[in-house]
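S.K.: Sequence:
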Amino acid sequence: MAVAAYASLLSLAHILDQQIRHPFHRLDKERLRSLQEKVMHLQHFLEHTKISQGVEDVARQIPVVAYEAEDVIDSLVVTGWASEDTIGHLDPAAALSSFYQDLDQVILNIDSIIQELNGVVKEDLDDVKEPKPVADSPPTNAGSPRVLPSSGENSTMVGFDERLVQIIDELTRDESDLKILPIVGMGGIGKTTLARNVFDHAYILESFDIRIWFTISQEYNVQEILLSYLTDEKKERSEKTLAELGKQLHQKLFGRRYLIVMDDVWSNKAWDDLKQFFPNNGNRSRVLITTRLANMAVSLGSKDPFSMDFLDEENCWNLLCAKVFGQEGCPYPELEQIGKDIAKGCRGLPLAVVVIGGLLAKSNMTLEYWESVAKNI
56 MAVAAYASLL SLAHILDQQI RHPFHRLDKE RLRSLQEKVM HLQHFLEHTK
106 ISQGVEDVAR QIPVVAYEAE DVIDSLVVTG WASEDTIGHL DPAAALSSFY
156 QDLDQVILNI DSIIQELNGV VKEDLDDVKE PKPVADSPPT NAGSPRVLPS
206 SGENSTMVGF DERLVQIIDE LTRDESDLKI LPIVGMGGIG KTTLARNVFD
256 HAYILESFDI RIWFTISQEY NVQEILLSYL TDEKKERSEK TLAELGKQLH
306 QKLFGRRYLI VMDDVWSNKA WDDLKQFFPN NGNRSRVLIT TRLANMAVSL
356 GSKDPFSMDF LDEENCWNLL CAKVFGQEGC PYPELEQIGK DIAKGCRGLP
406 LAVVVIGGLL AKSNMTLEYW ESVAKNI
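Start counting the sequence shown at 56; every next residue gets the next number (the working numbering).
FYI, nobody ran anything at the bench for these hints, they're computed from the structure. Just so you know, even glycine gets a beta-carbon here, dropped at the ideal spot from N, CA and C. Hints should not be assumed to be uniformly reliable.
Claimed, not checked - Here are the in silico distance ranges between beta carbons for each label pair: (1) I75 / N419: 40 to 46 Å; (2) E111 / I75: 29 to 35 Å; (3) Y387 / G310: 53 to 59 Å; (4) E383 / L163: 45 to 51 Å; (5) N276 / G384: 53 to 59 Å; (6) Q170 / D264: 37 to 43 Å; (7) Q331 / E274: 18 to 24 Å; (8) T296 / E274: 16 to 22 Å; (9) E230 / A298: 26 to 32 Å; (10) D264 / E391: 44 to 50 Å.
To be verified - Distance condition first, Cα-Cα at most 20 Å in a straight line; then the derived SDA-like pairs of lysine to any residue: (11) K324 / E279; (12) K234 / S322; (13) K417 / K177; (14) K177 / E111.
Construct all of the structure, not just a fragment, from the sequences and the given hints.
M.R.: Take a look at the structure:
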C-alpha cells in the first residue's frame, strides 16, 4: 500500500517547509530545497500513478527514508546547532558538518528510490497513467486547462468555511482595479479544493461575467493553455499564433468583469507570461492564484495572501467520515475509535485524509483492515 509512503512524504514536506522558512543563519537552504524538490517529485508521482505491485514494493522504502530525514533534521533543531549559539561544549561547525553528511546520505537514498521507481515505470508502462520518469518535473495539465468545472466536480470541503467566506468577500469588494489574490500553502493542504469551491459559489456566479480556470503546474505551455480555452476546431488550433491567441483572450475579457483562477503556480514567470492578456478596465476583475511559494504573494504585489492552515483533529475526522461514509459521523461504532486514530495520523493534511478515505471507502469495513491502515500511516 502506498498510503504510508504518501503520508510520510507529506509529513517530511511540512518539516522541510518550516525549516526553509525559519531564519537559521547556519543552514544551507539550498541543500534543504534540493531535498524538498525530490520529496515533491515523489508526491506527484504517487498522486498521478496507478500503483502497480512493482511500484508498491519500491514505495515501501519511502517511509523509512522519510523518517530518517525527519530524525536528521530534528536532531539539529532540538540541540540548537543550527543557530548561532552553542549549546554546552558542542562545536557548532562540527555538528553542522555531521548534519550535512547525514542529510546528503538521505538525499542519496531518495535518489536511489527515484531510480528504482524509474526502472519500474519503464518495465510497466501499461500500468502507469503518465509514464514520465520520477526525476522529471511533476505531471502537468498544461494542455488541458479546466473551464467552468461543474458543481459535481467540487471536492468535499471541511474546516475551511471561514476561509471561503473571506476569499469571496475579498473577490467581490468594490475595488475597481484588477486585483490578484494568492492562496498559499504546502502540497496537500487544500488550496485547489478551496479555490474550486470559491469558483463555483453561487455568489461568484452572480458577480462575474466570465470565469476561467487555468491549471498551470511546473511545466506549462502558454499557447496550449490559451488554445484549449479559446478554440475547439483542430484547424483553428494549428493556425493561431500565441500573439493572436493572447489578443483573442484580451478582447474576450475587455470591458467585462472576469475571475481567472490560476491553479498550481510554481513560478513568477507563469504569471508574467499570462498577465499581459488580462485587461485592467477598472471593473473589479480578479485573479485567484494557488501556489506553494510563500514569497510569490510579495512579487505579485499582494500584501495579504491567504495562508492555508492544517485541519484540527475534529475536522480531519469529519472529512474522513464524509469521504468514507458520505455523511457526518461513523455508522459503525466498532470502527469509530480506530477511524479517529487514522484521522489523527493524517496530521491535518486534507489530501492525506482524502487519499486514505478513498482507500477505506472501498474496503469491507472490517476492524482488521482499518487497523492495518492505521499501522501504515
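S.K.: It remains to establish, for every hint, whether it holds in the given structure.
M.R.: Here's how the hints hold up against the structure:
1. I75 / N419: 40 to 46 Å: 42 Å, holds
2. E111 / I75: 29 to 35 Å: Taking Cβ atoms as reference, E111 and I75 lie about 30 Å apart, which means the hint holds.
3. Y387 / G310: 53 to 59 Å: The hint (53 to 59 Å, Cβ to Cβ) holds, given that Y387 and G310 are roughly 56 Å apart.
4. E383 / L163: 45 to 51 Å: Given about 47 Å between the Cβ atoms, the range holds.
5. N276 / G384: 53 to 59 Å: With Cβ atoms ~46 Å apart, the hint is violated.
6. Q170 / D264: 37 to 43 Å: 51 Å, violated
7. Q331 / E274: 18 to 24 Å: 20 Å, holds
8. T296 / E274: 16 to 22 Å: The hinted range 16 to 22 Å holds for T296 and E274, with Cβ atoms some 21 Å apart.
9. E230 / A298: 26 to 32 Å: 30 Å, holds
10. D264 / E391: 44 to 50 Å: Given a distance of about 48 Å, which is inside 44 to 50 Å, the answer is holds.
11. K324 / E279: With a Cα-Cα distance of about 16 Å, the restraint between K324 and E279 holds, given a limit of 20 Å.
12. K234 / S322: 18 Å, holds
13. K417 / K177: It is violated: about 29 Å lies between the C-alpha atoms, which goes past 20 Å.
14. K177 / E111: 15 Å, holds
This entry does not satisfy hints 5, 6, 13, going by the numbered hints stated previously.
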